Each structure stands twice: as C-alpha cells, then as structure tokens.
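Spelled out, the chains give:
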Amino acid sequence: MELLTKPTRVDLAAADASSVLVLAPAAEAVPRLVVLLSRGCFVRCTTGMSLRGLLLDQFRISPVYLEREIKIVFLDSSPVDDLDAAIVRDGARIALSAAMPGLAGAAMRRDGLGWVRASITHHETSADRPVAEGVMLLKLFNQVMEELGPGFLSRGVYVQGPMLADFLQGLDARFWQRCPIGFNGVALGPEALAERLSGDPAWLRLTMHLEASNPEAYPWR
Amino acid sequence: MVGPAGEMKMLISNISVKDPDGKLRSGGRGGLGAVMGSKKVKFISIDSEGAPLVTLADPEKFKVAAKTFANALMTHPVSGQGLPSYGTAVLVNVLNEAGGLPTRNFTYGQFKAHDKISGETIRDTIIARGGKPKHGCHAGCIIQCSQVYMDKDGKYKTSGFEYETIWALGANCCIEDLDEIAECDSIMDDIGVDSIETPVMFAVAMEAGVIKWGDGKEVVRCLREEIGKGTPLGRVLGAGTGFVGKAFGVTRVPVVKNQGIPAYDPRSVKGIGITYATSTMGADHTAGYSVATNILKVGGYVDPLKKEGQVELSRNLQIATAAIDSTGMCLFIAFPALDIPECLPAVVDMLNARFGIALTGDDVGNLGKYVLKTEHQFNLDAGMTNKDDRLPEFFELESVAPHNAVWDFKPEEIDAFWNF
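Chains E and S supply the protein sequences, listed in that same order.
Start counting at 1 in the first sequence, then tack on 77, and there's your number in the numbering used here.
The letter at position 84 of the second sequence is residue 71 when you use the numbering used here, and the numbering goes up by one with no holes.
These are calculated hints, taken from the structure and not from any lab test.
Hints should not be assumed to be uniformly reliable.
Pair by pair, the computed Cβ-Cβ distance ranges are [as the list claims (entries may be wrong)]:
no., chain 1, residue 1, chain 2, residue 2, range
1, E, H200, S, V393, 11 to 21 Å
2, S, D395, E, P207, 26 to 36 Å
3, S, V393, E, D243, 49 to 59 Å
4, E, V87, S, D312, 53 to 63 Å
5, E, S231, S, L43, 46 to 56 Å
6, S, A126, E, S231, 39 to 49 Å
7, S, N391, E, V87, 29 to 39 Å
Under the rule of at most 20 Å between Cα atoms (straight-line distance), these lysine to any residue pairs were calculated in the SDA-like manner [unchecked claim]:
no., chain 1, residue 1, chain 2, residue 2
8, S, K99, E, G247
9, S, K119, E, G191
10, S, K99, E, D243
11, S, K121, E, S275
12, E, K83, S, K142
13, S, K121, E, G191
14, S, K139, E, D249
15, S, K142, E, D249
16, S, K27, S, V4
17, S, K119, E, A106
18, E, K83, S, K99
19, S, K99, E, A169
20, S, K294, E, W253
21, S, K121, S, S72
22, S, K144, E, P278
23, S, K360, S, P389
24, S, K99, E, P278
25, S, K139, E, A250
26, S, K99, E, R251
27, S, K119, E, R251
28, S, K119, E, S275
29, S, K216, S, P(-9)
30, S, K139, E, S275
31, S, K119, E, M240
32, S, K99, E, V107
33, S, K99, E, S275
34, S, K142, E, R251
35, S, K119, E, V107
Listed next, the stretches of chain S that the computed footprint assigns to chain E, with coverage defined by at least 3 CB atoms under 8 Å from CB atoms of chain E [said to hold, decoys possible]:
no., segment
36, 214 to 224
37, 255 to 266
38, 355 to 369
39, 386 to 396
The structure presented is a predicted model; accordingly, all values stated were derived computationally and were not measured.
Every residue gets a Cβ at the ideal spot worked out from N, C-alpha and C, and that includes glycine.
Produce the complete structure using the sequences and hints provided.
In structure tokens form, the structure reads like this:
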C-alpha cells in the first residue's frame, strides 16, 4: 500500500525557516529532477475551491492547456469527471496526466468511457467548503510532468528527507556535476546532502533554480 | 522460434521472432511455444530473396489512405506523444493512482514503489544510460513505443520493455529494482516464456512461500536455473499460474480459463473484468482494446449506467478488436481510431486499395463477429461451458484498497455477453 504522511503547519513553518534546499540543475538535467513529482510532493494551497479553480487560479495553468492536455485528473485516488463540482480540502491528493492508452486509459479520461470505472469515480458528497490555508499532495505524470513540473519545482515543494534521499540516490554523477546544491544558503556536495537527508525525517522545502536563467540566485556556489 | 521452454512443452512458453535489429520479439500468451515443441519444430526461417513485391490493386488510392492513416497516428496524443515518449509503461503511475494496479498477487490496488518502475523513470534511465527511449519493433512502424534499455554499464540489456512485464514483476511480485526486472525480461526472451504468465505465476509462488516477496535475484535464478534447465521445480513453475496455485495450495490464483490475469484490477475497472471473463483464450486485456465501435457500427445505444452497458461495451470492443487483429495491424492504432473520425475509414480504404475489394465498415464489424463466434464455438466443442467465463472467486470475496471495490457481476449478467 502507498501511504504518504501529510506535513503539519508546524512542519511547513520549520521547513521554510530552517530546511531550505535549492538545486540548480543545468537545463538538460531538469527532466531528471522533475520525475520527483511522479512520486508526489506537497504544495501549499487555499482549500475550499473547486478543482478547476485550484488548477487555473492557484496553479496558474492555462484553460487551453487544461482542456487540451490534462485529460486525466485524480482527486484522492478517484478519477474526476466534473472539475467544477470537486472541492479541494486540506490534505487532498491530486494527480494530473495526459491521455493514456488502452481501455483502462480511456476509462480514466474526463472525456472518455468514465462509466467503465463508475465505482471509483469521484463524487462530491459534502457541501462543506472550508476556505483556509492548507497543503496538498501533488503528483504529475508523463507529458504533464515534463511541461508543468519545472514550474512547480521552481515555486517550491515540500518533501521529507528520507523520501528525497531515496529519489536523489538514483541520480548519477553526471547529474550532480551539473547541479549545484545549496542547503540553508550553504554549498553542499551530493554525498553530504544524502547523509543529511537520509538520517533526518524532518520536512524540507525544495526549490529548483534554473542555472542558465538566474546564475545570481545561488551565491553559495 | 522457440526457446528451451517450448522444447520442453511448458505451458508458459511462447513463440519469438526477430525484430529489425535482430533482437527477440515474443508472441506470448496461450503457451504456443509448446505447440511448436510438440511438433519438434525449433524454428522457421524465411528467405525473402527473389520473392515478389507486395502488389497493390490501386496504388494511388492506397497512398492517399495511408497518408491519412499515418497523419492520424502521428497527431493523436497517445500514439503520437505518450507511447513514443514513455512506452506502454506510461500506464504504471496512472493505474496506481486509480487503485487499479494489482499489487502483491492482486491483494492491493497501489504499489508504494510505483514511481521506481514507471514509464517516466524508465525513460529517464534509458536516456541517462545512452539507450533508445523510442524504437520500432517492426519495419515501417511510426508509433515506436518500444525502447532499448541498457544496464548500469551502458550495455544492451533488453528491448520491448512492456507495461505488463514491468507491472507483473514490479507491483505484483513487489520487485522494486528496475534493473532486476530488466534482467528477468532478458532471460524470459532467451528461454522463450510469456512475460505476463510467468511473473503472474511467480506472484502465486511468492504467496505460497516458494520465493520471498520482492526477491528479484531469486526470480532471476529460478528463470535461469530451474525453468531454463527444466528441473523438477522448473517444470512445476513452467506449467503456469493455475498449476502452481494447485501444486502449492494457494487459493488466490488470478486466472481465467487457466490463463493469468493481466495488469488491470477488474474490481476497479469493471468493463475490463467482463473482457477477462469472456475472452476466448482466457484473461486477455488486448481482446477488448479501445476501438471506435460507433464507426464500425457494431454497437448501438447502451445505457452506460447499467451493468448491461459494461457487457455491451466489452462485446463491441472485442468484436472490433477481432476485426483489427484480422488485418495484421498493430492494436495501438485503436487510439486514433477512437478519437479521429477519418482514421478507421482510412484503414478500410487501405484494405480495399490493397486487394481491390469494396469492404464497408459494416463488413469489418461482421468480420469481427464471425471471428468471435467461431472462437467461442471452438471452446464449446472443446468441452468448455459458460462456467469457464468467470473471474476467480476471490475477486468477489476480497475488496481491494483504496476504493474497497469488489467484483459484483452475476453469472447470468456475464452470460449475456454471447447474445449476439
């Protein structure tokens, strides 16, 4: 079973204050880092909005991109057909994907054969729409991950140290040669980073800086 | 050609052919390698030198139709983008999110290490190691959903690294190491066994305690040393999922008509469950692939909110898929055929231009019906009954997380499938 623990407000505040990790991969290495979003990262959000409102207004996804490219949307592991009816609450789990192959792929699509998976489709059952600052788990898959992932990582996501360490250990030396690391404003090597992350279950804020576009952003290099 | 598994007439054996790069491509499912083995045929070699070219009854019409068809394939987001970029394993993350990725021998619907075996991670790994994320398995393929996977040293390991194989060894056997899964895939090609049936069987063997969950190294050893060499244990494993369940007293045995169930949990996606139950060769996900049933006119209106709708859909998809299969075309043309109106008529036009005939969409639909009925009659004549069109009992008794869904189709509802 896949279980992901949600960070508390205290966790987020602590991460913002004292566990800030900045990775600055070269442009060609960015696709390797955005794969992290297929595992899932937490982002801050305002709750009580519709799913469409979250995607368009908070995530700043264009309406055209949403209609043309994001064909599959999950809320709390259920495929969503009606983005306006589905409400985002604190701790929600949201996943976005392009169109997928096969009957199963077609069944998951918003404009596909949704009735094939009617028993798992999302149905909004509560009128309760608490508006508040919250946090949600975001997962991005396939082309959507490649196209939207850099933006989310640039704005910052929250992850737990051991989970991030597990992901980063799959990246080889060639990646790290082209990716300066800053932790709380201090330069670190990949080995020191791995050691620090794997032994500490605390949450941290991860931000990606694009090396070519903003070289002054990492003076610790 | 067949490998040692086919020579030993194992029920998990398959028939392989060589792709344009000389690597093996396998026709799995159904144990056809054992048929060649029983006839003592090791391989069939075809010398094309001096053979006549393919003739076209109407070359100009064929060219126009082929161009329309190719454009449809290239512009569709699945056949033009998703599959060439990530291969069929692009489904891993999405099915996991839906709770439809069978895990630990169909016990759960989600796998905690899904991202480690996903199409996205495979693409990333292949590029980093200098492999090919995009590769055609036959001459002239324009979808190119195959790929060439390299090991950690950048040397060739396997190609055609498919979703079903990766799911079955990954989520269903709980093996998290992609390189171990690739090693298994390579050995399965070498010894000539079906890469769905074999890992589904291994999951049952794991449930029985023969192998530890997630022990990829032991699976590698069993493939090479037991199945590949035909030891007594290898012969048991090589007899397939159903036999291993009986041999070791396992009750959660995912088979229909003694064929292992593929990578979509029928409790979460019930339309696929009907196809598993009724497909004539046993649980076969490709029998009901998405095809434009409305264009083929084999459908008619169904109420999607009722169970009859699911049965009707599965029937129409199986009829349409049987027709597409009869053309010899790759089943992945189904995706643009579903969404792009001019795609399927272009296929019919190509057939007409090739042979100088005048097929219509109705004719193609009728062809599919004829194929399906003939296969069904073969099964009846072989002694099968409607009781063979059933999913294993555990799908009704055990709910699958996270949606706690169960299989709830009654026998008479499934039997209505054959009313056409």
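Evaluation of the provided hints:
no.: 1; hint: H200/E / V393/S: 11 to 21 Å; result: holds, 18 Å
no.: 2; hint: D395/S / P207/E: 26 to 36 Å; result: holds, 35 Å
no.: 3; hint: V393/S / D243/E: 49 to 59 Å; result: violated, 34 Å
no.: 4; hint: V87/E / D312/S: 53 to 63 Å; result: holds, 58 Å
no.: 5; hint: S231/E / L43/S: 46 to 56 Å; result: holds, 54 Å
no.: 6; hint: A126/S / S231/E: 39 to 49 Å; result: holds, 43 Å
no.: 7; hint: N391/S / V87/E: 29 to 39 Å; result: holds, 32 Å
no.: 8; hint: K99/S / G247/E; result: holds, 16 Å
no.: 9; hint: K119/S / G191/E; result: violated, 34 Å
no.: 10; hint: K99/S / D243/E; result: holds, 13 Å
no.: 11; hint: K121/S / S275/E; result: violated, 35 Å
no.: 12; hint: K83/E / K142/S; result: violated, 41 Å
no.: 13; hint: K121/S / G191/E; result: violated, 30 Å
no.: 14; hint: K139/S / D249/E; result: holds, 10 Å
no.: 15; hint: K142/S / D249/E; result: holds, 16 Å
no.: 16; hint: K27/S / V4/S; result: holds, 17 Å
no.: 17; hint: K119/S / A106/E; result: holds, 17 Å
no.: 18; hint: K83/E / K99/S; result: holds, 16 Å
no.: 19; hint: K99/S / A169/E; result: holds, 18 Å
no.: 20; hint: K294/S / W253/E; result: violated, 54 Å
no.: 21; hint: K121/S / S72/S; result: holds, 7 Å
no.: 22; hint: K144/S / P278/E; result: violated, 36 Å
no.: 23; hint: K360/S / P389/S; result: violated, 38 Å
no.: 24; hint: K99/S / P278/E; result: holds, 18 Å
no.: 25; hint: K139/S / A250/E; result: holds, 12 Å
no.: 26; hint: K99/S / R251/E; result: violated, 28 Å
no.: 27; hint: K119/S / R251/E; result: holds, 18 Å
no.: 28; hint: K119/S / S275/E; result: violated, 33 Å
no.: 29; hint: K216/S / P(-9)/S; result: holds, 8 Å
no.: 30; hint: K139/S / S275/E; result: violated, 23 Å
no.: 31; hint: K119/S / M240/E; result: violated, 29 Å
no.: 32; hint: K99/S / V107/E; result: violated, 24 Å
no.: 33; hint: K99/S / S275/E; result: holds, 18 Å
no.: 34; hint: K142/S / R251/E; result: holds, 17 Å
no.: 35; hint: K119/S / V107/E; result: holds, 19 Å
no.: 36; hint: 214 to 224; result: violated (count 0)
no.: 37; hint: 255 to 266; result: holds (count 6)
no.: 38; hint: 355 to 369; result: violated (count 0)
no.: 39; hint: 386 to 396; result: holds (count 4)
Against the hints set out earlier in the document, violations occur for numbers 3, 9, 11, 12, 13, 20, 22, 23, 26, 28, 30, 31, 32, 36, 38.
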